[in-house]
Structures are given as structure tokens and as C-alpha cells.
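S.K.: Chains A and B are the protein sequences, given in the same order. As numbered in our numbering, residues 202 to 297 make up the first sequence, in order. As numbered in our numbering, residues 1000 to 1512 make up the second sequence, in order.
Derived from the structure by calculation, the hints contain no laboratory data. Just so it is clear, CB atoms sit at the ideal spot from N, CA and C, and this is done for glycine as well. One or more hints might be untrue.
Said to hold, decoys possible - Computed spacing ranges between beta-carbons, pair by pair:
hint, chain 1, residue 1, chain 2, residue 2, range
1, A, 278, B, 1509, 55 to 63 Å
2, B, 1384, A, 219, 23 to 31 Å
3, A, 216, B, 1503, 15 to 23 Å
4, B, 1234, A, 215, 30 to 38 Å
5, B, 1220, A, 282, 21 to 29 Å
6, A, 275, B, 1475, 35 to 43 Å
7, B, 1395, A, 282, 55 to 63 Å
8, A, 245, B, 1020, 14 to 22 Å
9, A, 246, B, 1207, 17 to 25 Å
10, B, 1503, A, 256, 54 to 62 Å
11, A, 275, B, 1207, 36 to 44 Å
12, B, 1475, A, 246, 48 to 56 Å
Here is what each chain is made of, one letter per residue.
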Amino acid sequence: MSSSTLEAVSAARWRVAISLTIVMMVVYFGFILLVAFNKPLLGTSVTRGLSLGMLLGVLVILVAWALTWIYIRWANTHYDASLDRLRERGAGEPAR
Amino acid sequence: MTSALGEPNAVAITFFLLFIVLSLGITAWAARRTRTADHFYTAGRSVTAFQNGLALAGDYMSAASFLGIAGLVALSGFDGLIYSIGWLVGWPIVMFLIAEPLRNLGRYTFADVLAARLRQTPIRIAASIGSLAVIAFYLIAQMVGAGNLIRLMFGLSYELAVMMVGAVMLAYVLFGGMMATTWVQIIKAVLLLGGATMLALLVLARFDFNLLALFARAVEQYGDGVLSPGRQVTDPIDAVSLGLALMLGTAGLPHILMRFYTVRDARTARTSVGYATAFIGFFYLLTFVLGFGAMVLIGRDAITAIDAGGNMAAPLLAEGVGGTPFLGFISAVAFATILAVVAGLTLSGAATLSHDLWVSVVRGAKADQREQLVVARGATVLLAVVSIVLGIAFKGQNVAYMVGLAFAIAASANFPALVLSIFWRRLTTAGAQSSMIVGTVSALLLIYFSPTIQVDILRNADAWFPLRNPGIVSIPLSFVVAVGVSLLWPVTSEARRFGELERQLHLGVESAE
Chain A
202 MSSSTLEAVS AARWRVAISL TIVMMVVYFG FILLVAFNKP LLGTSVTRGL
252 SLGMLLGVLV ILVAWALTWI YIRWANTHYD ASLDRLRERG AGEPAR
Chain B
1000 MTSALGEPNA VAITFFLLFI VLSLGITAWA ARRTRTADHF YTAGRSVTAF
1050 QNGLALAGDY MSAASFLGIA GLVALSGFDG LIYSIGWLVG WPIVMFLIAE
1100 PLRNLGRYTF ADVLAARLRQ TPIRIAASIG SLAVIAFYLI AQMVGAGNLI
1150 RLMFGLSYEL AVMMVGAVML AYVLFGGMMA TTWVQIIKAV LLLGGATMLA
1200 LLVLARFDFN LLALFARAVE QYGDGVLSPG RQVTDPIDAV SLGLALMLGT
1250 AGLPHILMRF YTVRDARTAR TSVGYATAFI GFFYLLTFVL GFGAMVLIGR
1300 DAITAIDAGG NMAAPLLAEG VGGTPFLGFI SAVAFATILA VVAGLTLSGA
1350 ATLSHDLWVS VVRGAKADQR EQLVVARGAT VLLAVVSIVL GIAFKGQNVA
1400 YMVGLAFAIA ASANFPALVL SIFWRRLTTA GAQSSMIVGT VSALLLIYFS
1450 PTIQVDILRN ADAWFPLRNP GIVSIPLSFV VAVGVSLLWP VTSEARRFGE
1500 LERQLHLGVE SAE
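Okay, chain A solo, but in the shape it has when bound (with noise of 0.2 Å):
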């Protein structure tokens, strides 16, 4: 059984939590630095009515969505799951 201790339950929930703030990090500034040092890339015309840096704008939106709702599936399904596991064993356990 896998994350079974109150360590390998810890270590999952920062694992978890720390890659998807990265990605946040890394999609949201990738936009920002596209802002500042290539706009006329982010002018390009996609469609009439529609420039590149919007649908990137856009799609930083729909990302911050996805992976939100990456982390409450996610912590639904496993991080609950281990948590009631550790709650049954109980207090008897010494705290660490």
C-alpha cells in the first residue's frame, strides 16, 4: 500500500501541490515575459478578431481552471483516502 504513513502522506500532498504550482508558475510567467519582450508575436493575427495573445490570455485562464480542478480530483480521490486510513488508525499512534 502506498502512502500508508503520516510521512508518505505528507511527502504525496507536497509533491502533488508544489508540481501544480509550478506549471501555474511556468504557463502564467511564460505569458507575462511574452508580454514583455515579444509583442509583436503576441499581435500576430490568428483570425479576424482574434490575436495570438489573447487566446494565449485565454488559455492562462482555462489552465488555472484545469488544474484546479486536477487538484480536487486528485485530493478527492487519494489524499482523503489516505487521510480517513491514518484517521482510523487513530490517536493511538503516536504523533510524530
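Use these hints to put chain B onto chain A, whose structure you have.
M.R.: Positioned in the frame of chain A, the structure of chain B alone reads:
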């Protein structure tokens, strides 16, 4: 086009009075349930995930984001999107790093999390300085905004508007505590999301519900520039600095963090951030449509003729597509927005003053629930008076930078200490304390020496610090100080205490204990 904006508007006044009557009714109902300090701060921890998601959105979607971003988009197109995105991307960070541990480790304020593993007195004093600075600048910006907006929209005098906002907000918080404040946020969020959706649909109806046709019309009228990055972003480092402050500042705003204590458990806190992220993202997408709608249907000249900053773009658009009644409705929604945000800020300020400073520091955590409630209410009155006085004192000043400053302090003073106290075993009291003080002071000093104050306000030719946003310097500095001080002067007992708390961090306070 002549506008009815600024003239007494029967519909606006009716909607506004309806909102006031409804919200004060809720306050009266909530007041009967607010008998203990626990209820005053947390609404009995009875708020559901969906309700808290709306309330978080309500606390976060200020008049600056509704009127300000719509105006910014109307006047500069694409650039407004940069702000919208920056204000949204903090929310996933709140979810991944902060929400659940905060709920599990604390009771009323984010300082509880630090105090759980570090020494009470010094840590609460340092955390209060950061919190109160954030709240003060945010409140001043909101009060001055309220005075100006209400003058523009309803034709009331600035001072009267500020006093009205202060008095109504005081009634919510003083009598209804967190329960009333939460419901005011929920109603405001529903009104704002509903109003903005209706407005966007009315705009899109003019373009056969084809969003790209709207953007294409904007290009025809104002050129290709409206769809690409423009004047707002000139310096790349400044852009990243602003981005950092917006993103990490969200995770350090005391009035937002406090909301996680109003729900039953960490799982509910997690779900509520999911709802909040969805609502806030949707709202910012709407504001983008509204901004372009105002640019095309109202015109930049007509917008700047009424307010040079563009803040009246959304109300003018409402009048343009829905007539005077819809202008009235949107004006009332904007007023409700301001009221709700100042109520949330005041409540979190009262929690800092009474719970962190009075009860924990002065009284050594020996105050009973009755005393805590009395002190919390006293702090609320004090804050309401202070915010009215500051609101009037700053009349006519340019306070737009203050929201940015609040975010910069939140990101530099509160976020590093909070996140390290959750993640890092070796953090010490001295480390967290110095990080919070250095974060607050460096953010304040760098803003003072930045072009924002030196050039725009003091009209000096040059500024000593070249960036408008201090985040890129002050946030890393605050982290370095926390880590450096903790490593130089390690405290083994505090590291051990972190180990003891690890179970509570994940599982919350267990009833067996």
C-alpha cells in the same frame, strides 16, 4: 450621447434601497446568532463550500476589478487582460499551498498558523503589522473609490458617500459579524456576476453573439493595437514584478484567508476555492467583453469625457445597451460591491486587532468568549471611524497605487512567512518575525522611492528605485531573510514542535484529542 449618469436615478435608488433593506434584514437575523466570538469571526463554521466560493469571489471582486478593468480594457484593449489574468492565477496557489493547512492549523486569523508552532507574542505582533498595513491601504483605496464613484453615479457629495458606506458597513460587521458579512458577500457576488453576465449578453446580442465580430469591430475603429500588448507594459522586469505581487499577494490577503475558517473542514475549504476560481475567472472573462463592448458601442472619447481613468465605462455601457433602468441596476450593483468589500476588510482588521493583539498578546489568551466579543466589536467601531476619517482625508488624492501596494505587502510580508511555516521544519520565530517586518518595510520603502510616488505624485523628475512594483525585490528578500535568520540561529524545540503539528496539518483538530 448625453448620459443620465450622476443624476438621481429612480431605478438606481430603488435597487440600492432594496439591497440595503435586504442586507440589513440579514444582519438583524445574523445578529441573533452572533453571541460568541467564535460566531463573530467564523459564522459558526457553518458556511458550505458553494456559499464560501461565492463569498470568496465577493470579497475579491472589488469595484477596482469590475469598473477598473472594464475601463482599462475599454481604453487600452489587450493590456486589461494582463491584470485580469494576474488577479486570477493567485487562486490555484491559494488552493495548492494554503487553504487546507490554514483551515487545519488555525482558528480565526492566518497568524494562528504561525503561532501554532512559533512563539505567540513576537509572531502575532509581527503578523499584525503586515495584516493591518494591507488592510489599511486596501481600505483607503476602497473608501476613496467609493466616494468618487457614488458622486459620479448618484450625484451625492464625496463626504456623504464615504460616511454612508462607513455607517452601513459598520452595521453589517458590528451586529452580524461573519454571518452577515458572508451573506452580504454572497448576495453581492450573485448580483455582480448576474449583472455582468446580462450586460455582456446585451452587448453580444448586437454582434449576433459572435465575440470575434465584436473584437473585429474594435480593430476597425481603433486599429490592430487594441488586440496586442501596448503602452501599459513597457518594462519587462516591472511586468514580472507586478505579476509576482498579484499572484502571491492573493495568498496573503488577511480578509481572504479568514474565509477558510468559516467552513466545516479542510475538504470544504478546498472545494470552496474551486468554486471561487471558477466564478472569478468567469467574471474576468466577462469584464474583457464589457471593456471591448464599451470601447466599440460607447467610444473612448465619450468614456474619458466623464472620467479620465475610464472607470465609468461599464455603467455607460449599461446605459447604452439597456437604458436608464439598467444603468440604475448596474450602479446599485457597483455600490453593493464596494460595501461588501469594505465589510470584509473591516471584519478581518477587527480580528487582527482583537484576536491577535488584544486577546493573544495583551491578555495572554486568558479572555473568555464574552470579553473577546466585546473587544472585537470595539475594534470594529474603531476601524469604521478610522476608515471614514482616512477616506475623507485622502479625498482628491490619487490612490490607485494603494491596491497594488496592499498586494505587494501581502505578497512580501504575509505570504513568505505563512508558506514557510506550513512547509519548512526549521523556520524559527526570529526568522518568521524578521521576514514579516522586512517584507512590510521593504515593500513600503520601495514604493515610496518608485516612480509611482516620486514622479506621479510628488512630481519629481526621477525616482531612485526604477520599478513601479516592488514585488520582484521585496518577495525574494523576505524569503531570504526568513531562511537566513532561521539557519543562523536554529531553535531545535521549534523544529520539534513542527513535527508534532504535522498530523494536525493534514487531519485537522481530531475530536479524540
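S.K.: What hints, given by number in increasing order, does this structure fail?
M.R.: 1, 2, 5, 6, 8, 10 and 12
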